[in-house]
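Q: Protein chains in written order, with the working numbering: chain V, -10 to 431; chain G, 52 to 365.
Don't read these hints as lab results, they were simulated from the structure.
Ideal Cβ placement from N, Cα and C applies to all residues, glycine included.
Honestly, I wouldn't trust all of these hints.
Just a few of them, taken from the derived set where beta-carbon distance is under 10 Å, the chain G residues facing chain V [to be verified]: (1) 97; (2) 103; (3) 122; (4) 131; (5) 135; (6) 149; (7) 150; (8) 194; (9) 204.
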Amino acid sequence: MSGWRTLLPNAWYIAAREYRGRIATRSFLLGTILLAAIAFAATESPLLIDYLQGTSQTSVAVYTSLNDLPADAHQVLDSQLNPRTDSSNAHQEFVISWFEGSGENESDVQHDLDEGQFAALLAIDRNAQTGDLTFTLRTDMPSDGRQTGMIQSAVNYLALDDRLARAGVSISAIQTPPSWSVVPLKPSATDEPAKVTSVSGQITSSILSTVLIVLMLMAIITYGTWVAMSVGEEKGSRVMELMLNAATPTQMLAGKVVGNGAAGLTQYGATILAALAGLWAQGPIRQIVFGNGVSSTPPAGLSPAVFAAFIVLFLLGFILYALLYAALGSLVSRQEDIQSATSPLMMLIMSGYFISIFGLSAINETWVVLLSYVPFFTPYLMLARVAMGHVEWWEFSLAIGIMLATIGVALFLAARIYSAGVLLYGQRVGLRQVLKAARVSR
Amino acid sequence: MSLIIDSMSKCFGDVRALDDISLEVRPGEVFGFLGANGAGKTTAMRVVLDILRPDSGTVTWDGRPNTQLPRETWGYLPEERGLYAKMKVLDQLVFFAKLHGVKPRRAEAEARGWLERFRIPEYADRRAEQLSKGNQQKIQFIAAIIHDPQVLLMDEPFTGLDPVNVAMLKEAFLEMRDRGKTLVFSTHQMEQVEELCESIAILDRGKVVVCGSVRDVRRSTGRQVVRVAVEGDSEMPWLGTLDGVLVTRRGQDYVEAEVAHSHNAEAVLQAALDRGCRVRHFEITDPSLEQIFIERVGQMDTSERTLAPKAVPA
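Chain G on its own, in the form it takes in the complex (with noise of 0.2 Å):
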């Protein structure tokens, strides 16, 4: 009972938006999607949830092609933000909850169940464009979740909003997922994944570069990362001297380093000791989701995500 994605391909005119795509996402997970702008994202949820057809490539969820699945298996949250304008609140949510065969008369319960959850009760009765920017999206995550789909899709869902709904959002994410719910998102916010997501995927322009559980994919790149801080030296110049010690980001009051899986992270430490150091902070751990995600998308071509030289006055 997974949602697997076999071998996806989706071209518009000569462009290959998904290039042979296959991943799984196992059920009741929080799973994260990842690229740049143009990876290709919305584009693979769209063929998910069968609004675009691919190619070539299938899509299943609990073993049933998507093209046979009701559409109220899925819940979507798109990442251009709409709602009817002019139309009162509650009659949009229980619009989209009749659409997606919930009964009418429970609709009206399940959408006012959840505006008081999201603590917004009282605009009920107002139309969409008289409500904030925050509490449109909470609206459209509302209008997405309200028939109870068992996948949940949501592309960029915390983009353009302030840290307070997000807490919110993030809160009714987690509840979705206890109540067993599978959540995809898109997002290129790497803190947030690494908060949220059981398992990602990282897309760069239609290909799935890496993919699996967070823990497996920080490991696989077979290097440490040592973050280390000492009183009274913020440069540590000797660090880069050390045999298989790459310095890779010199913070404010500490320095990272990378150190090959064939050296002892912990000579560091030792090393430092022995220079009579005051080691105030010493951690071994994996690269960071952002690390290897520059790495991955950026080898293919770093010119895109570096600025041109500055054009010299003649």
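Only chain V is shown next, with the shape it has when bound in the complex (with noise of 0.2 Å):
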């Protein structure tokens, strides 16, 4: 065992040579192609949805010959259906032309309707024994559609403001909320960093969470699995035997751990530039595209401190994982035997991906937190923990110091795993025949 000592600077010759040739390769540059293409896609997706429903208008013709309709009755439907969540949308889904008074006719604008300047006639008329309005409306679209839904509640609310209207009751005035004020009990619960405690801010960083367990998830197979290819590659071009002279074992696990881990953090930071740069875009192309800026918001909850652990959890995690992948890599003779070689390690990393996505609904469970405290599901448990809640301190450097301790100890029986599998050829090597090999090898 040469140990830490000698380390370097064979190690980094290696990790250098192992960057190179993968990003180097094909699949590499495809694969951040693609990438980096979903990421800024994802990001510029409210945009499309914006312009697919900007490009769709729905022209209503509504007709009346009431004249004692309340006073804000245009305002009702319109404000009904092209509702203002966001000020500065200037986009109106629902374009409302009004033919009111004994001005019009209604066989004239059912004329423009048949001509198809109009995809709907609402016609308003008033029961002359309740006194409540009556809605009828002409359409093609179909009665159970979005459109016609959305047309059918704001009729209601309009019947509604008619009633209040007729019982000398503005509509307005109901809706002003009252006065409403929270006294806790406990002062000192304000001390407490703010956690997110409404219901919608929970569910944002519950899909926070899943995203970023899956991106985690991905990035450790994805990666991991390269580095049993690149011992796989080596082994079954018998370059290895060159290397076994060249290098100690512990050299080389490091070196590919780090050289691949490198080339996929190149990919990852390729991904999020994109990202970025999409969020950045989505000012600029909405003024191309509808005349008007908007201000990006980044995604809700990703806190510089759940990046941060995002990324500390990703390195440890990726390494960790990555040295089991090339033990496992060691033992086949054959780059076409790595997916099966690797598949109990498959099966750890999505035991701990399903644990944690149960665990996102009791984050703050027992078994949840023991279990973020396992070296192999702490990359996925102790982000989780870290979006959805909140962890003290100590309890997110415990969880790093047994990861750590984890990773040393795996270093170590990595590199006799395989500095006795890349000797061996052939048949299929059982656990066993390698422990025993591993027990007198260097």
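Taking the hints as your guide, dock the two standalone chains into a single complex.
A: Written out as structure tokens, the structure reads:
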């Protein structure tokens, strides 16, 4: 065992070779372009949705011969059909044309409807006995469609407005919210960091956690497989035999993990840059498409702390799993067998993934907290805990410490399995055989 | 300052790959490792290189155990050839040189220099997969010696090469020896051993059966070999009737026979002349390494080197 003393510079040379070799492959280039394109497109998706909605406008003609509609009838109908959550959003899904009073002829409007100038004709009348408004919608749109539904609920609101007006009450007076305040019982509660407590906030952060966990999972599997492939390639081409005299197994392992990890980070970085560029480009693109700019908002809940935790956990998780990938990769004779040889790892990773997805809904339960200290699950569960709730500094540090210790043990074991495994060719090598060989190898 | 292997054993499961091997390679000599396939040559080299750890025994070079020697002491040309297929030749050589502690700046100069010596400088920027097998082997040889190792171990260096490349590699070989390097190589081609080696060891199933200088090994049998060719009589049936003479091989126009040590080999020449033969060729020599090899390795079990009898159809 040559130990840390002699790890450099050979591990560095190997890492540099691995990195250059990896990023020179066509699959790396295509994969990076694809991921960056997906990231860019994903950040532009709100624009796309707006654009698709923006291009579809529904013209509705409203005909009525009544002259006793509530004074704010136009405004009520318009605000119901074109709700403005965002004041700068100028897009109107419904264009409403009013044909009111005795001057208008319903058959003229009906004619325009038949000509296709309007998608629908809403006729408003009043029931002579109850005095309530009655509505008739003539249209080719499906009667249970979204637009029909929106018109119906707008109309319900108008009818309510009408009834209230006849009772002498203004709807805006009803809608004015009453005074409301919350007095905390314990003053110390305000010292706690702001936790996400609102329902919508919790949903956002659970979506964010899921996304981060999936990103972590994909990265560990993809880049871990790179490490195993690289070992299998060296073994398959027999260049391993030259390497064995040139470097120690520990140097080779460290170099491979660092080199492939750096290549993975490069791909990740390109993807993140594309996403950031996408966020930045939202404004200018919106300017071009819609003629008005809007400031883009970063994903809700992605605080610097969560992002930092993601980076740290990703690096440590990758190193831990990559060492195991390298050890298992050293046991196969041909690259084609890598997939089956690394399937136990895949199961371990997937079980961690499922546990954390289930754990999201029970993030403060004891079993989730305990499992978040198990090094193979820490990358997912600790990340979920950081993103979803409150984690004390010592808790995070403890989990990181456990992971670092496990990585040390994994490096030692993987180097032994590796040095024994790379010399074994032929039949699929059983674990017992490897452990036996590892005992006597350097 | 020799390479000393002392009572080294190594088992793989039930197989004793190396069984109490002891031998010494003197510095600056060319040492041949002979043995059938599976005799333990590759395992012995890997143990010397500290790629494998022996179950027992030690390896020392210049008095220092191999576990404490820097890796750049050794140059190793493995039996299984392999390079990074997608990597450029020059990059690979620089990579291996740097791994062996050559300064990055010097590594490229060394690599280019060796490519020149092998008359393939134009391959520096090609990828390894674009090279012929012979040229790939040259690259591997360069990769093994680029850091100027003290001891060079080569596992079957000549297999799979055409005669032109063999000649070139031999020259590189002898140059390394002239630079004062110690060379150990394994083979089962006896002519090359007789041509290149000063000392040999024959391995059989993990044991050293013969060890020593080539001359001593050939003399050690205590027999002499005579090779006779006479005009007009290629069979020479009388040869076998002489006392103490055993015909071992009949060539196209000569006959080889072994003469027991107690008898005088010149008596064969006398007998030929007595019969009125016109002798074209007469030679007294030691048994060839090939004969010794077959004799020593074959002794143990002849069934391994002969075909099983043909099955008789019922």
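Q: If a hint holds in the structure, say so; if it does not, say that too.
A: The hints, checked one at a time:
no., hint, verdict
1, 97, "holds, 7 Å"
2, 103, "holds, 7 Å"
3, 122, "holds, 7 Å"
4, 131, "holds, 4 Å"
5, 135, "holds, 6 Å"
6, 149, "holds, 5 Å"
7, 150, "holds, 4 Å"
8, 194, "holds, 6 Å"
9, 204, "holds, 8 Å"
When each numbered hint is compared with the structure, no violation occurs for any of them.
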